[in-house]
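Top line first, the protein sequences correspond to chains A and B. Oh and the first sequence: position 512 is 502 in the numbering used here, straight run, nothing missing. Oh and the second sequence: position 185 is 175 in the numbering used here, straight run, nothing missing.
Be a bit skeptical, because a hint or two may be false.
One copy or two, it doesn't matter: identical chains are merged, so the pair holds either way.
Straight line, CA to CA, 30 Å or less: simulated DSSO-like cross-link-like pairs of lysine-lysine [what the hints assert, rightly or not]:
id: 1; residue 1: K358; residue 2: K623
id: 2; residue 1: K446; residue 2: K499
id: 3; residue 1: K57; residue 2: K483
id: 4; residue 1: K533; residue 2: K623
id: 5; residue 1: K446; residue 2: K533
id: 6; residue 1: K306; residue 2: K395
id: 7; residue 1: K623; residue 2: K306
id: 8; residue 1: K510; residue 2: K395
id: 9; residue 1: K445; residue 2: K490
id: 10; residue 1: K522; residue 2: K499
id: 11; residue 1: K522; residue 2: K483
id: 12; residue 1: K261; residue 2: K236
id: 13; residue 1: K446; residue 2: K484
id: 14; residue 1: K522; residue 2: K484
id: 15; residue 1: K306; residue 2: K358
id: 16; residue 1: K358; residue 2: K143
id: 17; residue 1: K522; residue 2: K395
id: 18; residue 1: K164; residue 2: K490
id: 19; residue 1: K143; residue 2: K128
id: 20; residue 1: K522; residue 2: K490
FYI, nobody ran anything at the bench for these hints, they're computed from the structure.
Number of protein chains: 2
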Amino acid sequence: MATTLKLILFLLLSLHIFSLVSSHRPHPLDPLTPSEFTLVRNIVHKLYPSLKLNITLQYVGLDEPDKPAILLWLSNPKSKQRPRCVFVIVRLDKQSHEIIVDLATHAILSDKVYNEHGYPLLIYEEQLAAMELPQTYKHFIEFIEKRGLNLSKVVCSTFTIGWFGELKSKRVLKVLCFYVDGTVNLYIVEYYDRFIVPVPKAEGTECRESKLEPPFGPRLNGATLVNPYGPRFKIHRHTISWANWKFHLGFDVQAGPIISLASIYDLEKQKYRQVLYRGFISEMFMPYMDPSEEWYYKSYFDSGEYGFGLSAVSLKHFVDCPTNAVFLDAYFSTNNGTPAKISNAFCIFENHAGNIMWRHTESSIPRKVFTEVRPEVSLVVRMVTTVGNYDYIIDWEFKPNGSIKLGEFYQLENYFLKNIRITNKSHNKFYNYLLLISGVLEVKGVTYTHIDQIKKNVHGTLLSENTISVYHDHFLTYYLDLDVDGKANSFIKKNLETIKVTNPSSPRKSYWTVVSETAKTESDAQIQFGLKQAELVVVNPNKKTNVGNNVGYRLIPRSVAHPLMSYNDYLQIRGAFTNNHVNRKIENKDIVLWYTIGFHHVPCKEDFPMMPTFGVGFELRPNNFFDSNPILKTRPPYIVHLPNCTN
Amino acid sequence: MATTLKLILFLLLSLHIFSLVSSHRPHPLDPLTPSEFTLVRNIVHKLYPSLKLNITLQYVGLDEPDKPAILLWLSNPKSKQRPRCVFVIVRLDKQSHEIIVDLATHAILSDKVYNEHGYPLLIYEEQLAAMELPQTYKHFIEFIEKRGLNLSKVVCSTFTIGWFGELKSKRVLKVLCFYVDGTVNLYIVEYYDRFIVPVPKAEGTECRESKLEPPFGPRLNGATLVNPYGPRFKIHRHTISWANWKFHLGFDVQAGPIISLASIYDLEKQKYRQVLYRGFISEMFMPYMDPSEEWYYKSYFDSGEYGFGLSAVSLKHFVDCPTNAVFLDAYFSTNNGTPAKISNAFCIFENHAGNIMWRHTESSIPRKVFTEVRPEVSLVVRMVTTVGNYDYIIDWEFKPNGSIKLGEFYQLENYFLKNIRITNKSHNKFYNYLLLISGVLEVKGVTYTHIDQIKKNVHGTLLSENTISVYHDHFLTYYLDLDVDGKANSFIKKNLETIKVTNPSSPRKSYWTVVSETAKTESDAQIQFGLKQAELVVVNPNKKTNVGNNVGYRLIPRSVAHPLMSYNDYLQIRGAFTNNHVNRKIENKDIVLWYTIGFHHVPCKEDFPMMPTFGVGFELRPNNFFDSNPILKTRPPYIVHLPNCTN
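Pulled out of the complex, with its shape left as it was, chain A reads as follows:
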């Protein structure tokens, strides 16, 4: 969606609870402070005084300076900075206004009505209003009572309706209501239209420890990391430095975590070198694979529609993050412009997973056998966002070897079983066009209690009696603005190609070699993985190693999933950014990688009612960026003997 891509270009940075060093001049990427949010609110209300109460602020975020300004500031922090500006989207008379505010002069720099396709993301208050609307809606109340149900046990949630070619789409939500019958796992209890059908057993669907009955699984031990030398990372406002890494951690209501200005210290060159100007998840595309009336439209854009940042949850000490984690809060603007806080939206911790960074045992020289080992420690930045039934664990991991591991991305879900089928077609007021429909299962499958009964394609897996989970995809597109040792970068495909040996005297018949290919145009750089064996490297053609290799960073995929819907499918047209895994945008050679990862989810019993975490992800690894192994001269850790501890 146009808005989606537009919005994510603006970011709101997180304000964390403490700064080790205080400073008066903010980093130009620093987030809006609560007082700045309030200032924005007053300026906007002054702009439309008569309409104060009808205005909703859909988005308030820093209007980020462009890259040259940021780089100038980096090279000379005392250089004159442009005044801090804020990008605001307000809804007013069913229109989306894009307003830019100058915080210094309080001036409105621009106020444009946005007329393109799409709408700003759904803010919390809108969804709450929609969720509560049915309880006040006459026909709905009658409907509930007619069935002898208790209105107080009806809970509703909001769902986007997708797009199917409309030239002018409406700002409309589907609201699905659930009947909560003794379990808060509200996707589980089944109720159907005008007559009762078998209800899936609630047994085994409870997930709250307090409500679980024995037998229990083994209690896995907790452990505390004791590190007498303390964590090595420093947080100064929003800039985090650890080992040889330095980066800025931002927060945006739509994208969630944003990593900016990541650079790594080069021991030989004795300076920090740029790696990643900015990276974040630009969108999450989740189409379902059931063409039936009740399900065909299901295709969510969790970032653009619901907001990864807006849906961020407060992380729990010790279980969401290990004992050595440090937590940071995040702030955002509510619909009326007053700032709100998400406590512990981020955690940052040194990861001691017991891996080895490098090792070698040399035994070729009898009397000179030696072993050198360096255990691995990395730094993890974590945010968890919960969109409906999905929990996404977003990890950014920084390794001393120069690697950035992204999206050790996990998801968990439980399953939709809607329990009231209602249709209502009243129109013409904001949020009044509500299509309250049921989910899929009461339409087909709900009567099935065993696979043998299923004779047709049910587009999913029978997980328990009357419970079918529908096939779907998860595609995440990462925005990766790599600045490898500077802005001007090139995208290189190192194709591995087989060479046949024709010389009959050679015992070899073949070997492979590397044929490098520089992408000249965007289409050159459109790639589907798995089709060809190649290494993908973003290089700086203007910088060389001591023997002349282009310095670069390599993209190492972990799992490969190609979209399986036809390109003319409306869902796929919206999700067209997933057609290729890598899609280069050229901005005066300032390359941005749009990298899509994902997986096709064929649900299985183990995913019911809660799916164990499933990881996909990828790695950005230095490739001739350094002149030699950058961790060769990392000394082994001090031995920490098991201490005497008293709890």
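Start from chain A and add chain B according to the hints.
Using the frame of chain A, we list chain B on its own:
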């Protein structure tokens, strides 16, 4: 090689330093004890009294009972077991004898001369003899003196010669010698035939901390895991039980670690259920991609030629494994049959990497928001084997969710630069046909100091002046005898196929669905990943979930690399087992998966002189094996508060 596949069917299990419980009846898979090794030695020497001194024992391992016998014993440990037998390979008069010994009666059950292609792996003493041979060889000594070199500074290593179509291959080694000039990183110093050429700088190639000069990298903190509740795993002889897992850890001089009888406890069924009868790395294939005279033959089978087990190193506390690790020794037979010990060949530890096992925040019901999180703990079994310049870190990770993650396999290398070119063609005595040749670099590339000087294909990357690293592959084939809830299993491809929606009234144009395909024949089950989107599941067609799904385990690949050599290349003929990623052997429906993973290694500067670890691997994940999420009823850990510790 025939021998390779033959040998790995026999395994020698590790004897660890302590048992929590002592027992008199050994597990039928338990390894040979030192006294059993000695007994074998005496029996073999009695068999060939006159030849005692000319006999070398190339392999001594338990002659494992077949699966029915093991399963019978499992069901009734009191049932009569066949006597313990040992499989021995001895070299005698240039022949390989395969001998089976009955430990109870001391009888020789069989003594066959092995006449097929291939030879047993190289034992330590043979390699040592070959390494020392040049120093006693007249022509070699003259050669060294002629060059004014110091013989005591010459170190030699042994290299297999590959196979290039010979009908009867010789048991021959290439011995490469290096001149150690102030660094033990003996691959680095360069010397060439009859004249001096530029010598690669030794600077930056030292890896011993004691010898490193500042500036140093940041010292990464060590950390101690404090777990007041102690580790949850128990080791009884060679059987390890932890959380819901139970398995047997074996050791073989060729394969290294062998996991047998892995089964998982089903909370609902209240019993252990079989998953993996046996799994290990059956071979490691490493072809180089330089067709030149000096390099064309380089293609190593590190398991079959050098032995992963024989090359296992003693793990160092705290750096190779975290502080909470428990270590186990391994035993093997020397050439004369006396037992030898590898201290700390294995480490076993609970892994607290800070991951999340499952979580959900439910906020749809305003007054009933809840969050449930279960942090992940897993159990890791680790062995490290060093074959020449490669260190392989072999991890088996068991997760409470039923997953087995294999081969979070890392490798590290430094680079060959041979420094003496010698040819010598004397024949006719065991080990006397020595081809002492140089490596690649003095032939081409050695004069290059910058990439711009290179005008032809050098089959590698210029890593530093005069130093080129040659392209090569790493392919590991895993032997995975899955017994999913029993022996009789089937191999199913769940193909994800696009369905076009032809009904014009439907807003959808397409969706994907799952079309399952049961492999009837072995060729049905030959698969190259990446060509088609499919899930691969080993199922037990005789066992169903409560709603009728086949119980199964899914193979989830992580990285995909296809061989790039032509199939008629002798190297690829030997490595033909890598042609397909999955190759099913059918043994009365007792399926064995031969799964090949690997990667093409295009070396880069960061790999010099020591390569940071690089991970490939895969996951075996339950797929409708359980009726529901098996960790749903795992309670959260006790909170462990940061204790007061005194070091």
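Taking the hints in turn, this is what the structure says about them:
1. K358 x K623: within (21 Å within a copy, 53 Å between copies)
2. K446 x K499: between (51 Å within a copy, 19 Å between copies)
3. K57 x K483: Answer is within; shortest intra-copy Cα gap is 26 Å, inter-copy 49 Å.
4. K533 x K623: Answer is within; shortest intra-copy Cα gap is 23 Å, inter-copy 55 Å.
5. K446 x K533: The answer is between: 23 Å across copies meets 30 Å, while 60 Å in one copy does not.
6. K306 x K395: both (23 Å within a copy, 27 Å between copies)
7. K623 x K306: Between copies, since 19 Å is at most 30 Å while 37 Å is not.
8. K510 x K395: Intra 27 Å, inter 40 Å, cutoff 30 Å: intra-copy only.
9. K445 x K490: between (52 Å within a copy, 20 Å between copies)
10. K522 x K499: both (21 Å within a copy, 29 Å between copies)
11. K522 x K483: Answer is both; intra-copy 10 Å and inter-copy 23 Å each pass.
12. K261 x K236: within (12 Å within a copy, 51 Å between copies)
13. K446 x K484: between (46 Å within a copy, 17 Å between copies)
14. K522 x K484: both (10 Å within a copy, 23 Å between copies)
15. K306 x K358: between (50 Å within a copy, 17 Å between copies)
16. K358 x K143: between (76 Å within a copy, 12 Å between copies)
17. K522 x K395: both (23 Å within a copy, 27 Å between copies)
18. K164 x K490: For K164 and K490, only the inter-copy Cα distance (26 Å) is at most 30 Å; the intra-copy one is 60 Å.
19. K143 x K128: Result: close within a single copy only, 17 Å intra versus 95 Å inter.
20. K522 x K490: both (18 Å within a copy, 27 Å between copies)
Checked against the numbered hints above, the structure violates none of them.
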